[in-house]
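S.K.: Make a model of the complete structure from these sequences and hints.
Listed below, chain by chain, are the residues.
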Amino acid sequence: MAAINLSKMNQEEVIQAVIDHGGAGITKCIQCNACASVCPVAKAGFPLFGRLLFRKLQTGHYEEIIEDASSWACQACNRCTEICPRDAKPFEIVFAFRRMQAGELAISTSAFTPLMSLHATGHAVYSETSQELREQVGLPPVPVTSIADEKAQKEIQTLLDNGPMGELGIF
Amino acid sequence: MAKVGVYVCHCGSNIGGVVDVEAVRKHAETLPDVTISRQNLFMCSDPGQEIIRQDIRDGLVDKVVVAACTPRTHEPIFRKVLEGEGLNKFFFEMANIRDQDSWVHAHDHDGATAKAKKIVDSAVAKAKNLMPLEDKYVDVTQAALVIGGGVAGIFSALELANMGHKVYLVEKDPSIGGVMAQLDKTFPTNDCSACILTPVMVDAGTHPNIELLTYSEIESVEGYIGNFDVKIRKKQAYVDWKKCTGCGDCADACPVRTPNEYNAGLDNRSAAYIHFPQAVPKKAVIDMTSCINCGGRKIGSETRISKKTGKPILAPCERACPAGAIDRSKAVDPEGEILDVKIGTIVVATGYKVMEKDNFKSLAPDSPNVLTALQLERLISATGPTGGKFLRPSDGEKPKTISFLSCVGSRDEKHHTYCSRVCCMYMIKQAKLLKEKYADLNIYMHFMDVRTPGKDFDEYYTSAMDMGIRFVRGRVGGIDMLPGDKLKIMAYDADLAQNIEVESDLVVLATAIELQDNIKPLAQKLSLTLDGSGFFKELHPKLKPVETAVEGVFLAGCCQGPKDIPDTVAQAKGAAAAAAVPLAQKRVKIDPTISEIDREKCSGCGICEPLCPYGAITMVAVNGSHPRARIEMTQCKGCGVCTTACPSAAIELHGYSEAQIMAQITALTL
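Chains as they are written, first to last, in the numbering used here: chain A, 1 to 171; chain B, 1 to 670.
Treat the hints as calculated values from the structure; they're not laboratory data. No residue lacks a Cβ here, since even glycine has one placed at the ideal position from N, Cα and C. Watch out, some of these pointers could steer you wrong.
Unchecked claim - Quick list of simulated restraints, FRET-style, between CB atoms:
| id | chain 1 | residue 1 | chain 2 | residue 2 | range |
| --- | --- | --- | --- | --- | --- |
| 1 | B | Thr189 | A | Ile83 | 28 to 34 Å |
| 2 | B | Asp46 | A | Ser37 | 45 to 51 Å |
| 3 | A | Cys32 | B | Asp46 | 43 to 49 Å |
| 4 | B | Arg57 | A | Pro85 | 39 to 45 Å |
| 5 | B | Asp466 | A | Asn5 | 23 to 29 Å |
M.R.: Shown next, in the form of structure tokens:
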């Protein structure tokens, strides 16, 4: 692998983008690896787990990593944030990176269906097969949430359509 | 018949975890002349000591053997116990069953127990033969000598002077101040070095108890604690300091250009010069190694009269001096003058130097844009060669990218294995100062790891990260010189697990701290030893950190090992306090475990005289007899070399008599 010429990397630009997307802790990371030690993404063997992702971002990597799917494996367990000795909030940096990825439509295919469902029903995951089971235990077949409320669905769609998600043009 | 008490110590688990203490105690009980044998978890604790006291009070014991740790730290404690109960304190013998047994045979319990018994046998055999000895005392000269006028020496001198002691402060350069006077700012508070140091320099220069001897070196040191005879060479300044006002006109007039030590060689000074603007004392000197004797005005030459003008032909420096302090026709001794002073105690504070970049061929030392950190310090200082403007030496351009390389010469078997302790912090300091001033400057810091062990240090480091200073983990392997005065750093980012390159305008090498060149002769004059890292060795790394193996000689600052300014000042004050003790006591104790000559047996052969490493033996004729050996008790250290060499067995080393040692050998070999 050829050496990376750090003088030619857009470090400031990438770090600013991470901060703008909600990952202000990126400048605080000292690469101690505590987050990696508890991270399910790292344990499952995904290549771009938290600590390494942060280093790539700190050194101005963007195009090289934007398509990487590792971040979508994050379970939002928040252990990294609990354990970080620098209070860098690693989980929020991962999510900031996801927002950057989303902005490039670099979204995991597995994420598309839940997103469409969220837009349509207000639920990222909703299964119609649960209706029968609900009736058996004496519940209304459809939950009393946005799923049964067209007005609420409209409101959710308005919110999503007018936010950064709407700009992606996927709905 | 002696009544020997044996006290076996567990030393917690240090001894007890390896040696069967009870078995050793039982064994001791069976030895002839042993009246009491006891054991305790910590014999040195107050209850432990009380056991011995009670046995002495009860008349059960008149010689004491403690089988425990090392006499180096604990012999004085137990001797005091004997003294307190009215026994001669030299009726004590220590059996070292820890350092020489349990620690070295940790995995052989039976063997260690058997060896402990043998060591106790030997100690008991000696104890039976112990003779009473008495401490001796000599008066202490009421003056201290501080060698080195850096921040350590200045604070040691001030501390001693404020206690009311006369102090000679000797500095080899024309001004005191040392390396700290070259620094721009200091971590972790960024106070200006000159602002905090120069007032203290003035205090030292004007203190009524301090005799400041700058541009001076130690010629010789004779004598011993309380009574050192020191010769100090005042180097020839070729300027009459009584007249010199420090105006600097001679320096302006002098046409010579030679590398300026104060600016770490970044610019030139003249041959007639003032050390630096805030110098104390502010006096000019003429450096004869670079002086070109303008107008043929060699020192001591007759003044010629110009035929044209009818006026005397003078060198520019002479002509410029408004105070008449320079007179080159005066034949002064180029060797300067020697001062003889009587000294009670000495603080050595000779400081350090940083390694030069030429030692590191792979790091492009030939590029003017590769600097040592001390050079950068001068480059960004308001009193530096650019007046504090941050400019690239090769072309005076403002650098856009700067790289710092840590551990250059430190933690490296090829140079120094130790950590220089201050580099991480001063690099971060320099980076922060630059980033504060030039927000658009790209700063890369290459580290093996960042070491910040000090109050407010880690916060200082992490705040540098917040400022956008970029830290890269990985030691730099090489620097390539590129066209356009650029430098390519070849490194590896351990966190990315990838090779990286950085193109920089300026590279700063955090070169290792090491002892000054030419310090070995001074070490010899003082009989000081160097440690494995090449610094002056303290007597004990924890408990006697400012003392040395030479009584009355103390250490302060970086000559004892790399340290930052807070630690240096703390050690300097500590060394001053330790050096003040003999001065305050007004007399010092001479250990009686030294050698003595039996004049009746001495044949005057003189074999012992040249063997003595302390020069304590002289051949003296008494009452017209032929010369016999005599040992100066204040100089004898009790090493025993003369004792073993004497063919007439005329020399006894008290506390290690032949009878005592033979008894030990017998006990060990039976």
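S.K.: All hints, please: hold or fail.
M.R.: Checked hints:
Distance hint check: the CB atoms of threonine 189 of chain B and isoleucine 83 of chain A are about 32 Å apart, consistent with the given range 28 to 34 Å. About 47 Å separates the C-beta atoms of aspartate 46 of chain B and serine 37 of chain A, a value consistent with the hinted range of 45 to 51 Å. Separated by about 45 Å at the C-beta atoms, cysteine 32 of chain A and aspartate 46 of chain B satisfy the suggested range of 43 to 49 Å. Distance hint check for arginine 57 of chain B and proline 85 of chain A: the Cβ-Cβ separation is about 58 Å, which falls outside the suggested range of 39 to 45 Å.
The hint said 23 to 29 Å for the Cβ distance between aspartate 466 of chain B and asparagine 5 of chain A, and at roughly 25 Å that hint holds.
Hint compliance for this structure: hint 4 alone is broken.
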